[in-house]
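Colleague: For the record, the sequence lines run as chains A and B.
Be aware that the first sequence starts at 1, since it is given in our numbering, and climbs by one per residue.
Be aware that the second sequence starts at 1, since it is given in our numbering, and climbs by one per residue.
Derived from the structure by calculation, the hints contain no laboratory data.
Note that the structure is predicted; figures quoted are calculated from it, not measured.
One or more hints might be untrue.
A pair counts as met if it fits within one copy or between any two copies, since identical chains are not told apart.
[Stated by the list, open to error] Each computed EDC-like pair below joins lysine to aspartate or glutamate, with the alpha-carbon atoms no more than 16 angstroms apart:
#: 1; residue 1: Lys33; residue 2: Asp156
#: 2; residue 1: Lys41; residue 2: Glu96
#: 3; residue 1: Lys291; residue 2: Asp104
#: 4; residue 1: Lys289; residue 2: Glu81
#: 5; residue 1: Lys127; residue 2: Asp205
#: 6; residue 1: Lys130; residue 2: Glu150
#: 7; residue 1: Lys179; residue 2: Asp282
#: 8; residue 1: Lys130; residue 2: Glu81
#: 9; residue 1: Lys179; residue 2: Glu281
There are 2 protein chains.
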Amino acid sequence: MQELVLGIDVGGTNTKFGLVNKQGEIIAEGSCKTKGYPVFKDYLSHLMLNVEEARAKLPEHKLMGVGVGAPNGNYYRGTIEEATNLEWKGTVYFTEQLKDYFADMPIILTNDANAAAIGEMTFGSAKGMKDFIVFTLGTGLGSGIVANGEVIYGADGFAGEIGHTLVNVFGRTCGCGRKGCLETYVSATGIKRTVYKLLADYMCDSELRGVSFNDLSGHMITEAALRGDFIAQQAFEYTGRVFGMKLADTVVHFSPEAIFLFGGLVNAGDHLLKPAKYHMEDNMLRNFKGKVKLLVSGLQNKNAAVLGASSLAWKELAKN
Amino acid sequence: MQELVLGIDVGGTNTKFGLVNKQGEIIAEGSCKTKGYPVFKDYLSHLMLNVEEARAKLPEHKLMGVGVGAPNGNYYRGTIEEATNLEWKGTVYFTEQLKDYFADMPIILTNDANAAAIGEMTFGSAKGMKDFIVFTLGTGLGSGIVANGEVIYGADGFAGEIGHTLVNVFGRTCGCGRKGCLETYVSATGIKRTVYKLLADYMCDSELRGVSFNDLSGHMITEAALRGDFIAQQAFEYTGRVFGMKLADTVVHFSPEAIFLFGGLVNAGDHLLKPAKYHMEDNMLRNFKGKVKLLVSGLQNKNAAVLGASSLAWKELAKN
């Protein structure tokens, strides 16, 4: 009988889930809306109907555990707390309420970037590594940090918010209420802002001049850069420079073996990686120069969020 | 028969050592010069003569292990590598050569700030804490980081160099060859530079106007601040502001339970702690506000370097 775990990725708009075996193969998957359920219990009950439907179609199997990746997820408490991009305000006791559905098995929750890090370690390119960092470049910038083989959760479970370190004290306003955070530059939203800055700075043609701020997406900028659009390429250069300078600081904190990048913007390839590498090395403290690998995630363009969430459960099961 | 470990603190000018029991009491101590021995073996043999002399005076005891704190110490390799303030160039195989003197016992080496962190955890105010950071404010700025109950050494053993993170891209030149590193502001050398900047900016009287740059010390600035000297107090205010802003960034990486400060400058008390706390909180990401304690090290004004070094050995012995 096949052993499976349930991996749940709670996104701002949709929730995806998968039933995943120990080898990281998604045997069945599904999704439902996250938005549109002001009451958390209603959302959970709908999600669980979908999960039951998917399980019913599978041959006989044994469910071993559940892993959840969620914005503002707290590993210690199994909660989602003060997530600005979800409808549920305050603290959502996610794992506690999941117990009504899944008794007698581990249920683990953490934030999406930490789940990505554990996914990278379990199913991706960080197998066997004890010290590495995963950056997820989505709407915001997430980071999952592994040191001594363990994810750093910190005293209150919210460690690893490198997206909210300072780049420029007089810089861009951030959703967190402060100014100049890394994610206001390095994220899909950040590069949008950079494109608009460059469209103001330069006079040259660009296919992006016809697109409104609201319509512009990280995907469009990536495609434009790959097609040779100067503004889009310069936006990646700018993003890579800011990112690379910050990575030099990240390295002196953790001395990672590798840094993995994940997310849509990473599909721009060298347009992002080359300036990021260059400026990381250029700003690096001498004894770290040339030592740290900057790599694309081994889960890039896979269903990494679901794999990451499921790896949480597999990791927990491996402890016992 | 009393069980003791030998703790060795290798400083740029002097080396101190102590024979320390499990309770953190220094039963015997001594010191010798670090400078003046171009050949490492000569230094070591002189140091060991001093240790033997100290041991000979003690009642019967059993030596259980040796711990060494040293600048640019590498935990994994037991080496001192490329230390700019020591006479020995390249890589010094410290623990390997110590084995000639101490067979069949653990010999552990790490850098001084990591030793301070383990000392804080073993004999100081971080007992029972799993996530905390120690900053040592000396000539430079060292940091020892503990997450999940373990010191972060990183892939190559040199993690925890927060003194070399960026504060100001157009800032002060640093001994490391780059610009704007935290330790060019927050350290004994950093506050000296700040005093000189303020003596240039302001016209007011100050007892420090009669002191040359070469003669000025962190101790003199601390004493002047405690006596009410405006320039000295402003220098601490400036140092605390820069430090506090950076601490807000440190917190989002690690989510520590507490941050401990150690070193001569910390004797200025609230002149340093108040602005550091204020600006840490003022720049903190919302979900960390009010959660992180900023404290004076529990080993402040004790022989912390020797206690830290000895705690390395006790910690290793506890593993077995």
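Colleague: Each hint needs a verdict: does it hold in this structure or not?
Modeller: Against the structure, the hints:
For the identical chains of this complex, Lys33 and Asp156 are neighbours neither inside a copy (29 angstroms) nor across copies (44 angstroms), given an alpha-carbon limit of 16 angstroms. Taking the shortest Cα distances, Lys41 and Glu96 sit within 16 angstroms of each other inside one copy (12 angstroms), while across copies they are farther apart (61 angstroms). With identical chains, the CA atoms of Lys291 and Asp104 are never at most 16 angstroms apart, being 44 angstroms at best within one copy and 34 angstroms at best between copies. Only between protomers do Lys289 and Glu81 lie at most 16 angstroms apart by alpha-carbon distance; the minimum there is 14 angstroms, versus 38 angstroms within a single protomer.
For the homomeric pair Lys127 and Asp205, neither the shortest alpha-carbon distance inside one copy (45 angstroms) nor that between copies (62 angstroms) is at most 16 angstroms. When the C-alpha separation of Lys130 and Glu150 is checked against a cutoff of 16 angstroms, the pair qualifies both within a copy, at 7 angstroms, and between copies, at 13 angstroms. Taking identical chains as interchangeable, the C-alpha atoms of Lys179 and Asp282 lie at most 16 angstroms apart only when they sit on different chains, with a minimum of 12 angstroms there against 25 angstroms within one chain. Neither within a single protomer nor between protomers do Lys130 and Glu81 lie at most 16 angstroms apart by alpha-carbon distance, with minima of 29 angstroms and 22 angstroms respectively.
For a Cα distance limit of 16 angstroms, the shortest separation of Lys179 from Glu281 across copies, 14 angstroms, qualifies, whereas the shortest one inside one copy, 26 angstroms, does not.
Comparing the model with each numbered hint stated earlier shows that hints 1, 3, 5 and 8 do not hold.
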